[in-house]
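Taking the hints into account, I'd like the entire structure generated from these sequences.
Each protein sequence line maps, in turn, to chains A and B.
The first sequence begins at 1 in our numbering and counts up by one.
The second sequence begins at 1 in our numbering and counts up by one.
Some clues are possibly wrong.
[Said to hold, decoys possible] Below, in silico cross-link-like pairs of lysine-lysine (PhoX-like), each with a Cα-Cα straight-line distance of 25 Å or less:
#1 B:83 to B:42
#2 A:100 to A:58
#3 A:100 to B:78
#4 A:110 to A:61
#5 B:42 to A:71
#6 A:71 to A:58
#7 A:96 to A:49
#8 A:69 to B:42
#9 A:96 to A:58
#10 A:69 to A:58
#11 A:69 to A:110
#12 B:42 to A:61
#13 B:42 to A:96
#14 B:57 to A:96
#15 B:42 to A:49
#16 B:57 to B:83
#17 A:100 to B:42
#18 A:110 to A:58
#19 A:110 to B:42
#20 B:57 to B:42
#21 A:69 to A:100
#22 A:100 to B:57
[Stated by the list, open to error] Here chain A is said to cover these stretches of chain B; the calculated rule only asks that three of the stretch's residues, wherever they fall, bring their Cβ under 8 Å from a Cβ of chain A:
#23 28 to 36
#24 39 to 45
#25 50 to 60
#26 107 to 116
Calculated from the structure, these hints are not laboratory results.
Since we're looking at a predicted model, the values are computed, not measured.
For each residue, glycine too, the CB sits at the ideal point set by N, CA and C.
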Amino acid sequence: AQSVSQHNHHVILSEAASLELGCNYSYGGTVNLFWYVQYPGQHLQLLLKYFSGDPLVKGIKGFEAEFIKSKFSFNLRKPSVQWSDTAEYFCAVNSKGTYKYIFGTGTRLKVLA
Amino acid sequence: EPEVTQTPSHQVTQMGQEVILRCVPISNHLYFYWYRQILGQKVEFLVSFYNNEISEKSEIFDDQFSVERPDGSNFTLKIRSTKLEDSAMYFCASLIARGANTGELFFGEGSRLTVL
Chain A
1 AQSVSQHNHH VILSEAASLE LGCNYSYGGT VNLFWYVQYP GQHLQLLLKY
51 FSGDPLVKGI KGFEAEFIKS KFSFNLRKPS VQWSDTAEYF CAVNSKGTYK
101 YIFGTGTRLK VLA
Chain B
1 EPEVTQTPSH QVTQMGQEVI LRCVPISNHL YFYWYRQILG QKVEFLVSFY
51 NNEISEKSEI FDDQFSVERP DGSNFTLKIR STKLEDSAMY FCASLIARGA
101 NTGELFFGEG SRLTVL
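This is how it looks when you write it as structure tokens:
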């Protein structure tokens with residue numbers, strides 16, 4: 001069965017620190033990959049997505065993610081976090097041609113001012 | 001910008017009561033979903049709905065759950081007889097659906113259900 005793993009459950013960083021959140025998935029076929037963010041009290045919003053092509057994708061608010069097919073990974077990065085990045089981050093996978101989206105357990109990021 | 005709306009934002013109910021959570025998906029979207037998130041846990045898939053029928057459901061989505069699109073705009077999740085373990089945030093999502101690259105899900109703000 002498909003699954004998505006996010007190994008960091010809680011991350012605390014100071015402002016200006018660099019961020020990398022891990023995401024690994026298990027599925028043998030081709031996939032679409034997503035990172036969503038949930039700010040406190042708000043709904044999940046799309047940060048970025050990968051369908052095909054350049055494995056390094058750029059999203060909103062300075063976030064980027066790299067798809068490494070051989071490692072089944074889609075890690076999220078940001079070179080310099082801000083206090084406003086405090087949120088929960090979810091990785092999600094969709095098998096191409098299907099309509100099922102599987103989410104990871106989420107990583108709660110706290111950025112200290 | 002079009003958005004998915006959900007009501008109520010918070011509902012408190014007694015165990016054994018029926019609950020209906022409502023969602024208005026984005027108007028030109030074709031697939032609709034319910035997910036739930038128990039506090040501190042992952043976002044879990046419950047059910048997807050397309051062309052007025054369930055397209056897929058998870059093991060969580062047992063006979064206590066049902067979904068309906070009673071008119072052209074609403075998409076509802078009914079829990080027939082709530083249990084304590086149904087306490088969670090329930091998210092509705094919709095998808096426009098475009099072939100192999102099916103696009104991203106658009107989420108509502110969630111309905112928090114508390115079962116006492």
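The hints, checked one at a time:
A distance of roughly 19 Å separates the Cα atoms of residue 83 of chain B and residue 42 of chain B; the hinted pair therefore holds under the 25 Å criterion. Using a Cα cut-off of 25 Å, the hinted pair residue 100 of chain A and residue 58 of chain A holds, with the two alpha carbons roughly 24 Å apart. For the suggested pair residue 100 of chain A and residue 78 of chain B, the alpha carbons sit about 21 Å apart, so the restraint of at most 25 Å is met. Between the alpha carbons of residue 110 of chain A and residue 61 of chain A the distance comes to roughly 16 Å, so the proposed pair stays at or under 25 Å and holds.
For the given pair, residue 42 of chain B sits about 22 Å from residue 71 of chain A by alpha-carbon distance, which is consistent with the 25 Å threshold. Pair hint residue 71 of chain A plus residue 58 of chain A holds up; C-alpha atoms about 20 Å apart against a cutoff of 25 Å. Distance hint between residue 96 of chain A and residue 49 of chain A is fulfilled; the C-alpha atoms sit about 13 Å from each other, no more than 25 Å. For the given pair, residue 69 of chain A sits about 24 Å from residue 42 of chain B by alpha-carbon distance, which is consistent with the 25 Å threshold.
For the suggested pair residue 96 of chain A and residue 58 of chain A, the alpha carbons sit about 20 Å apart, so the restraint of at most 25 Å is met. Under the criterion of a C-alpha separation no larger than 25 Å, the hint pairing residue 69 of chain A with residue 58 of chain A is consistent with the structure, at around 17 Å. Taking the CA atoms of residue 69 of chain A and residue 110 of chain A, the gap is near 29 Å; set against the 25 Å cutoff, the hint is violated. A hinted pair counts as satisfied when its Cα atoms are at most 25 Å apart, and residue 42 of chain B with residue 61 of chain A qualifies at roughly 24 Å.
Between residue 42 of chain B and residue 96 of chain A, the direct Cα distance comes to roughly 22 Å. Compliance with the 25 Å bound is thereby established for this hinted pair. Using a Cα cut-off of 25 Å, the hinted pair residue 57 of chain B and residue 96 of chain A holds, with the two alpha carbons roughly 18 Å apart. Our distance criterion of 25 Å between C-alpha atoms is met by residue 42 of chain B and residue 49 of chain A, whose separation comes to about 19 Å. Restraint check: the Cα-Cα separation between residue 57 of chain B and residue 83 of chain B comes to about 19 Å, which is no more than 25 Å; the hinted pair holds.
For the proposed pair residue 100 of chain A and residue 42 of chain B, the alpha carbon gap of about 16 Å is at most 25 Å, so the pair holds. Distance hint between residue 110 of chain A and residue 58 of chain A is fulfilled; the C-alpha atoms sit about 22 Å from each other, no more than 25 Å. With a CA separation close to 18 Å, the supplied pair residue 110 of chain A and residue 42 of chain B stays within the 25 Å bound. For the given pair, residue 57 of chain B sits about 17 Å from residue 42 of chain B by alpha-carbon distance, which is consistent with the 25 Å threshold.
Between residue 69 of chain A and residue 100 of chain A the CA atoms are separated by roughly 20 Å; this keeps the pair inside 25 Å, and the hint holds. At roughly 9 Å between alpha-carbon atoms, residue 100 of chain A and residue 57 of chain B fall within 25 Å of each other, so this suggested pair holds. Coverage of the region 28 to 36 of chain B by chain A holds. Counting CB-CB distances below 8 Å, 3 residues qualify, and the rule asks for three or more. Evaluation of the coverage hint for the region 39 to 45 of chain B: fulfilled, as 5 residues show C-beta separations to chain A shorter than 8 Å, against a requirement of three.
Counting residues of the region 50 to 60 of chain B whose CB lies closer than 8 Å to any CB of chain A gives 3, which reaches the minimum of 3, so the coverage claim holds. Counting residues of the region 107 to 116 of chain B whose C-beta sits closer than 8 Å to any C-beta of chain A gives 4, which meets the bar of three, so the coverage hint holds.
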